[in-house]
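The primary structure of each chain is shown beneath.
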Amino acid sequence: MADESILTDEFLRQLIDVGEADVLVGVPTYNNAATVGQVVQAIRAGLLKYFPRERAVIVNADGGSRDSTSDLVRGASINDLQHSTDLNALRTLHSISAEYAGGPATGTALRTILASAELLRVSACAVVSPESTTIEPEWIERLLRPVYKGNYDFVTPLYRRHKFDGLLMSNLVYPMTRAFYGKRVREPYAAEFSFSGQLASHFLGQEIWTHEVGQIGTEIALTISAVTGGFRLAQSFLGDKPRADARSADLVDAMRQTVGAMFWSLESNVSLWSANGQSQTIPTLCEGQEVTLEPLRINRKRLFDMFRSGVAELKPVLESILSPVTLGELQGIAALDEDNFTYGDELWARTVYEFAASYHKAVISRDHVVQALAPLYRGRAFTFLVQNREASAEQVEQNIENFCLTCERLKPSLLEMWNGRK
Amino acid sequence: MPTPQDQFWYKDAIIYQVHVRTFFDSNGDGIGDFRGLAQKLDHLQELGVNAVWLMPFFPSPLRDDGYDIADYFSVHSSYGNLDDFKAFLQAAHDRGIRVIVELVLNHTSDQHPWFQESRKSKDNPKRDWYVWSDTDTKYKGVRIIFVDTELSNWAWDPVSKEYYWHRFFSHQPDLNYDNPAVREEMWVVMKFWAEMGVDGFRLDAIPYLVEREGTSCENLPETHAVMRDLRARLDKNYPGKMLLAEANQWPADLRAYFGEGDEFHMAFHFPLMPRMFMGLKLEDRKPITEILKQTPQIPSSCQWCLFLRNHDELTLEMVTDVERDYMYDQYAYDKHMRINVGIRRRLAPLLDNDRRRIELMNGMLMSLPGTPIVYYGDEIGMGDNVYLGDRNGVRTPMQWNGGWNAGFSTADPESLYSPLVLNPVYGYQAVNVESQKRFDHSLLCWMKRILKVRKANPVFGRGSIEFLYPANHRILAYMRQLEKESILVVNNLSSTAQAVELDLSRFKGNIPIEMFGRNIFPRVGDLPYLLTLGPYQFYWFRLRKI
Amino acid sequence: MRDMIVNELTQATQELVREFARFLPRLLVMLIVVLVGWLIAYLVKWVLRSFLRLIKFDKLSEGAGATQLLNKAALPSSTELVSRFAFWTAWLGFVLLGVSALGILGMQEYVTRFFVFLPRLLVALIFLFIGLLAASFFSRAALLWAVNTDMPSPRLLSSAARVLITVFTASAVFEELGLADSTMLLAFAIVLGAVMLGLAIAFGLGGQDLARRFLEARFAKEKQEGKDREDELSPL
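Chains as they are written, first to last, in the numbering used here: chain A, 1 to 422; chain B, 1 to 546; chain C, 1 to 236.
A portion of the hints provided could be inaccurate.
Taking lysine-lysine and the DSBU-like style, the derived pairs with C-alpha atoms no more than 35 Å apart in a straight line are [stated by the list, open to error]: (1) A:Lys149 with A:Lys49; (2) B:Lys335 with A:Lys149; (3) A:Lys149 with B:Lys281; (4) B:Lys140 with A:Lys49; (5) B:Lys281 with A:Lys49; (6) B:Lys281 with B:Lys455; (7) A:Lys49 with B:Lys293; (8) B:Lys335 with A:Lys49; (9) A:Lys411 with C:Lys56.
Covered stretches of chain A, as calculated for chain C (at least 3 residues, CB under 8 Å) [as the list claims (entries may be wrong)]: (10) 163–169; (11) 250–256; (12) 364–378.
Hints were generated in silico from the structure; no laboratory data involved. A virtual CB, placed ideally from N, CA and C, is assigned to each residue, including glycine.
Isolated chain A (complex conformation):
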């Protein structure tokens, strides 16, 4: 049943005005006035073009923006109160915006959107990031149509991105979630995704909401929940991923949202991930995923330096997390110079697994475990950048695939560590 207590009175009032809907597009925001206008207009165009007969609603869960975010969202609604534009809209399109309780947190926003979807009894619901400036109306079709037609319950996106964009995803999050849960979901932490009403109810019933992961890193937890719940998965190509700005490039935050949530989810899913065998692909709709290769100027040296200083300075911390063998190997490669340095697939996989085991045992504060992984990841990123400097799109994908297979192969070692020394 819907957890109505998380919806404020204002939210509920606006939902009552909507009544019932067939499709819902949720947009979580916090001070996104710069980009949300464009995003919401694209959503509106998409709904009008591809779902003209369906009862549609855009739901904005806002964390308390002090700019004009709410007004921009509300301005996208189509009803008989406005001056008639030259839009030939068959029916009213609601675009509601309200603030959720508690401070700004993506998890709370998502939960609000899920509750709205359940209350309005929608068949298909999509979540779109307010910063996706590259969004096209077609994204709405590609996200919602597979779910609305009733073929799939959960659709994750595929993007056209640069081969070096999203390194954390391709070098850690994707291979690990794939190894653990057996499904090759390329973007498990997605800014845009869609799901069925049934899956929304399932999400709301999960335990994550009472823990910290219900506020930070919820996206991964939801993906994992959909995979472990046996729902029908698919991924759909959307378009270009918007280029990062300085704010979104903060590594530690990103790691908390992905790696932290992923490690946390291992606790409750032990029986599932310990039993999984080889991973399986999921259907890919609307082909078009590409890797672009234009040259980028990246400060690789900085990554290497931070790795080295990380291994040196964090020695006391790493000692309590890693096994002596692994730590010794890391110190060994840290001693190499830049040209000879390489953080191999197997060592990296072992590193991550040992971190996962230490996270499970909580040898030190869990958040510190996640933070300690950041400099090591930088070393890995450096290696990836060097190895794939001249690589083609296929080669890059092949390298990632090889790493994934290594992870899958080494998974039993994690199980040993998990159950092993107390």
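Position chains B and C against the provided structure of chain A, taking the given hints into account.
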């Protein structure tokens, strides 16, 4: 004339549209006639209508159901003669029912003596009475109206070896209104019937009177000039008669037909009608409020004519492509139901024979601003036969009782002008006047009640309209006001129960009195007025400050 | 004369014996109390030890870094330490109780003072424990933060944090115990002041560029164009 000489009688009228052929057969030939119609006037009087609009009954080869006229001064022999008509007219007037007849001005049948003359040769004196051309390239790009049957607006005449212009069927050549003789003759026709005592004229196919090169040949200024001329003459010689325009145009174009109160008295509001059906299926008031927002103000002496269904297809010309596809998918999923650019079904089948929806649509018809028209048979919820050709499926015999030929005629069933509707749901055994008269809960009795309330309140016919826009978009709510009288109408377009909060702050302190049961509802206070409505329910409230 | 001495001697001996006899029951009571106290203290130790084992107190203290300290001091594990401490404290209390039963004047005051002191000791120890835990946690947090934001000398920052918190904890403990509290407070204030001053000078003079960069990254979002010499990569 028993009815008072109120020059704005048409604003208070409730019109019953009927074809004499369909109503009642008095002489057993299988075709309804005027004597029969006169016998059934009691039904109309009991129902509560105060005007009847007769579809064309002039002599005609009947290739377009009488809209192809062969003689403007007589009655088709199947329906009787002029004396029968006059007797009917008198009987109607005795019961306080006004009579509106059709005049098809735009074209005649190709069997009309005028055309027979005109086509004889290029030099014939009546040649100029029609629109001839030696090529079929004039007036290029003008749209074809009967798209399912006609390929061109020009037809080749093998007799005089020229093309003649026809906006409708090829056997209906257009008259040439640039010819003063034609205009004069049309006045003579109108005068003939006005003199006899007819109260009003519905003028068919008005936008197409005059043609000009390089235009759409619709709604031209010259056409309006012709009409203003006719109107002036009518007002001068026969005050109190009414002219009703049939012009299937967007509201902005319709405005011109009212002139400055010197052209038509009334015009059909065609664009509203499909949007009422659309709003019902969408469960969203947006289509209805938007078209009425776009409807221009008309002169105070003029009036819109509203209707749910008529003898033609439910036209989808004045909607967008998305809307048209939606209407087809929702209301005419069977291809047999579609004709031209519309849907040829009756009211009850369109609404799935759902009593609640039928009541709601009639409720809106009776409370929106305009003069309502009830199509014969819809007061009992008659069904249709989409397998009859053209639009004949909605023109089946009136179902009076469950007996021989539904009580329509004593003739052999096979000789009737049209087969009866026979299926168990809409057939005459299930749906007929006699059985509905016996039960208080029947649709017929309900129609009588609502007509009574409507007639008792001139605000519906003459008042202003102001829409309320409550947050619940499934509720269509508006205020009707005339001088001190204020009526609140609230309609639930949805199939599920709804709650709505109305902003009645202007009417704070008023007590809403529900108009059918006359029960009082809570007083309007400071807060928005909360109402709850069942599926497809509607309220009419009179607001009184006591 | 001889009779007098013998009489006095006899009297004195009889006094002594009488005193002794009067004293004996009290001694007996004291011994009983001590014995009973020993038993109760042992019970307390056993219960406490089981309880601490249950809540994995060793684990916690490991996190506090206390285990390492204890190991260096060749002391047994924290659970053991706490249980033994509880035992000795409890038994000492009973011993003192017994001693007070002896009725020796002056002892009463000391016994009372001991029992008043006991809760404060407990509180001080809790402070110490929490303080050590916090020092360990925050020093680690500082270390990680400094490493991840590429700050110079992260170890220094980490140690500084640890020292600061430890000193603060120590001064709080001493204040609670009432031992040279003002001295400790003063010492703490001086250390804190010095550290702060040092940081301010360092940050203000030496870390100008760093500060500017830091503030820019935080508040000025549009500084990217033109000055951008490298492309940003999003990790996600």
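At a Cβ distance under 8 Å, does chain C reach at least three residues of the stretch 250–256 of chain A? holds (count 4)
Mind checking, does the stretch 163–169 of chain A have 3 or more residues with a CB under 8 Å from chain C? Three-residue rule met by the stretch 163–169 of chain A, so holds; n is 6.
35 Å Cα cutoff - pair B:Lys140, A:Lys49: Satisfied, since the Cα-Cα distance of roughly 34 Å is no more than 35 Å.
Restraint check for B:Lys281 with A:Lys49, where alpha carbons must lie at most 35 Å apart: holds (20 Å)
Can you confirm whether the C-alpha distance between A:Lys49 and B:Lys293 stays at or below 35 Å? holds (25 Å)
Closer than 8 Å Cβ to Cβ for three or more residues is the test here. Does the stretch 364–378 of chain A pass it with chain C? This one holds; 7 residues, not fewer than the three required, reach chain C with a Cβ under 8 Å.
For the pair supplied as a hint, B:Lys281 and B:Lys455, confirm whether the alpha-carbon distance does not exceed 35 Å. Distance of about 29 Å is within 35 Å: holds.
Do the alpha carbons of B:Lys335 and A:Lys149 lie within 35 Å of each other, as the hint requires? holds (25 Å)
Would you check the hint for A:Lys149 and A:Lys49, treating anything up to 35 Å between C-alpha atoms as holding? holds (16 Å)
Check the hint pairing A:Lys411 with C:Lys56 against an upper bound of 35 Å on the C-alpha distance. Holds, at about 29 Å.
Check the hint pairing A:Lys149 with B:Lys281 against an upper bound of 35 Å on the C-alpha distance. holds (21 Å)
Is the Cα-Cα distance between B:Lys335 and A:Lys49 35 Å or less? holds (26 Å)
Every hint from the earlier list agrees with this structure, and none is contradicted.
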